Structures are given as C-alpha cells and as structure tokens.
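Undergrad: Each chain, letter by letter, is given below.
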Amino acid sequence: MAHLQSISSYLPSNILSNDQLFALFPDWPPSKIFDKTGIYQRHVASFSETSLDLAEKAALKLLDAYHVRPSSIDKLILLSQTPETLIPSSSCLLHRRLCLPTSCGTIDLIQGCSGYVYALSMACALIDSGQSLKTLLITSDTYTKLIRPEDKSLRTLFGDASTATLLTDKSNFNGLSSFGKFAFGTDGSKASFMTCPNQMTGKNFIYMNGPQILSFTLDVIPGFLSDYLESTSLSFDSFDYIIFHQANKFILDKLIAKCKIPPRKAPISLGLTGNTVSSSIPLALQNVMEEHPGDSARCLLCGFGVGLSWSIADVRVSCHGQIS
Amino acid sequence: MVRSLDQLLSIIVDIAEIDQGSISGDTNYLDSAFYDSLFTLSLIAAVDETFGLVLSGSDVQECASISELSSLIDSKLV
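Chains as they are written, first to last, in my numbering: chain A, 1 to 324; chain B, 1 to 78.
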C-alpha cells in the first residue's frame with residue numbers, strides 16, 4: 001500500500017520582496033500587497049537557473065536527508081509546466097543528474113495547480129499495482145520566467161520552487177500513512193482563463209484572467225468538495241487539515257469561508273514563497289508534517305486552477321521523522 | 001422581485017473606500033478611478049457573500065453602470 005514517506009523542498013536564493021515591487025510599481029505599496037495577497041516575498045530563479053536545476057536540488061536534499069540510495073528508486077515522476085526541455089522528456093534528464101538506475105522508469109506530467117494530486121494518484125497507482133516499491137515525485141516550476149516584467153499582478157503572485165516527495169510501499173515502512181479516494185475535475189471550455197501559448201519559444205508570456213479564475217473557484221470548488229465528502233461519507237471534521245493550492249490569501253479566505261471550514265484547519269502558508277503552482281500543496285504539506293504536534297495528520301488536499309483543472313486527495317502523513 | 005441596488009451601492013462604497021454620496025446607480029464604475037482587477041475580484045467575492053451568487057468576470061466587466069449590474073444580479077436571483 002502506498003505511503004507518503006517524506007517531503008523536501010528547494011527555493012531559489014534570489015528573492016523579490018514587496019519593497020522591491022514597490023520600487024518598480026509606485027502605486028503598489030508593500031502593506032497593500034500583503035493585505036491583498038498574503039505574500040511578503042517570492043523566490044525567483046536566476047536567468048541561468050532552470051526548473052531542472054531546481055528539481056535536482058530538491059531531489060538531492062531528500063535523498064541526502066533520508067539516506068535514500070538512488071539505486072533504490074524505481075520510478076521517477078517529474079511534474080512541471082515549465083520543463084527545461086520537452087524533447088527529450090525532462091524526467092530523463094533528471095534521471096541522469098540523480099544517477100538513477102537504468103531500470104527506473106520516468107514520467108513527465110504537465111499540470112499546474114491541480115497537478116500534485118494527479119501525480120500522487122499516479123504514484124499511488126504504480127505502488128498499489130505492484131509496479132513500484134519506491135517512487136520519487138518531483139514538482140518544479142519557474143513561472144517567473146514567463147511573466148512580463150511590467151505585469152504587476154503576476155509578478156506579485158508567483159514564485160519559483162521545487163519539491164521532492166518520496167512514496168514507498170508500506171511494507172517498507174512502519175508508519176501510519178495511507179491514501180483514501182482521489183477525485184478530479186476538468187473544464188477545458190475555460191482554458192482561455194489562463195494561458196501561455198508556445199512557452200518553449202520564450203516569446204510568449206502568461207495571461208491570467210484573475211476575476212474569471214476567482215469566479216470559477218467560488219462557483220465550482222465548494223460543490224466539488226461537498227460532493228466528495230458526501231460520496232466518501234466524510235466531513236471536514238474527519239481531517240486534521242484541509243490543504244488548498246496556495247493561490248493567494250484573498251481567494252483562500254473567500255473559499256475557506258464559503259466552505260465553512262474552521263480557518264485553523266486550512267493553513268495559508270504562501271507568505272514567504274508566493275504561489276508556486278505545482279509545488280504549493282507539497283510545500284504546505286511539508287509545513288504540516290514538520291509542525292503538527294501529533295504522530296500523524298490526515299489531510300485533504302485540494303488543487304485548483306489552470307486548465308481549468310481541479311483535484312482532491314485524502315492522505316494521512318507521518319509527522320515524526322520529517323526533517324525540516 | 002429582488003432589488004439589489006442599495007446593497008450593491010453599499011458593497012461598492014466599502015470596497016472602493018469612497019464616500020456614500022459619490023456614486024449612484026448611474027455611475028459607470030468601469031470608468032471610475034477605483035476600477036481595477038482588485039476591485040473586480042473584491043466585487044465578485046462580496047456579491048457571492050451577500051447574495052449567494054457568483055458573477056463571472058465578464059458580468060462585471062460588461063455592465064455599463066451600477067444599475068445595470070444590479071439588474072443583472074436581480075435577474076439571476078429570480
């Protein structure tokens with residue numbers, strides 16, 4: 001049975017602070033930025049630093065911290081909407097950098113804010129079907145490279161990050177972790193709300209219609225959550241935490257209030273990172289694993305955004321042994 | 001018949017942080033100094049909280065006046 005064993009992360013060293021944004025956009029004072037978005041700063045990959053570089057660093061942190069031999073990894077999943085290359089698949093390049101064995105299968109997934117749950121579902125399926133004993137799941141995105149320098153809103157919201165999640169067969173570990181039901185949704189008719197055509201040419205930039213994304217979130221996600229809870233005979237009380245994709249504080253506050261979730265159960269943890277797309281849920285989950293007082297925590301993960309695409313996972317994580 | 005105009009005016013006064021008397025139903029908010037994407041986000045969220053109705057971004061962006069937006073809300077609530 002699949003078990004989420006541990007999470008590590010890597011954030012680029014370059015930081016874009018609210019003060020720096022204010023210097024660029026004089027009508028956007030730091031206090032207003034924080035008040036509207038909940039973000040103090042965001043990490044930004046340097047010109048020469050790619051999502052593959054970030055992915056390698058997050059993966060090596062995890063392998064080193066938990067004494068995992070690269071030769072023991074039998075599946076590698078790389079989740080990124082900003083891969084260094086499409087041909088060859090970036091997961092193959094990451095495989096080489098991590099010195100993984102030739103018997104290790106590699107998979108690229110191209111999903112954004114809902115993607116971590118998709119990737120967990122795939123890792124879970126590989127392990128539960130006996131195709132993997134140890135899967136390494138990497139998220140890595142560098143959206144900041146696709147943002148127009150004069151785009152105040154997007155430069156405020158997005159930051160770069162990478163995370164590494166180790167999933168093992170439970171027979172390898174005596175923890176309590178286990179997955180419940182996954183659920184997904186898609187509305188491709190609203191794909192135009194957030195786009196970046198031909199991003200590989202470097203000649204196009206991200207477009208996001210914030211009001212339409214907010215409308216979608218408030219319109220679709222509460223019902224999606226309540227349908228999920230009804231179909232599983234669960235309630236928000238069944239979980240220690242409800243971990244949403246960390247889009248921005250404004251959307252999360254409205255969503256949490258509309259769903260009538262006690263705010264203490266729904267962490268908002270994007271203050272020092274901004275919206276890190278595929279990495280936002282694992283970063284928040286890593287915080288929970290490091291700070292939750294008990295031995296384990298049951299978490300409902302909910303991704304939503306670009307696609308438009310949305311997703312839910314029910315996961316119990318061990319909170320002892322997680323290295324910060 | 002639901003009449004949302006008074007509540008809508010109150011919502012906009014709060015979001016835009018302006019004086020009560022500075023806007024009316026005839027105000028074209030799209031041309032106002034307070035109109036930007038943050039205003040639109042706040043308006044969509046506040047209308048949802050007040051009326052239980054999720055407007056689309058284009059609903060807000062295509063109405064010529066506060067009265068027109070109010071009529072749209074009324075029609076959706078019927």
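Everything labelled a hint here was simulated from the structure, so no lab data went into it.
All figures in this text were calculated on a predicted structure; none of them were measured in a lab.
Careful: at least some of the hints might be erroneous.
To be verified - Partial list, computed: chain B residues near chain A (C-beta under 8 angstroms):
1. 9
2. 33
3. 48
4. 50
5. 56
6. 57
Here a beta-carbon is modelled for each residue, glycine too, at the ideal position from N, C-alpha and C.
Undergrad: Against the earlier hints, flag every one the structure doesn't satisfy and list their numbers going up.
TA: Of the numbered hints, 1, 2 and 4 do not hold.
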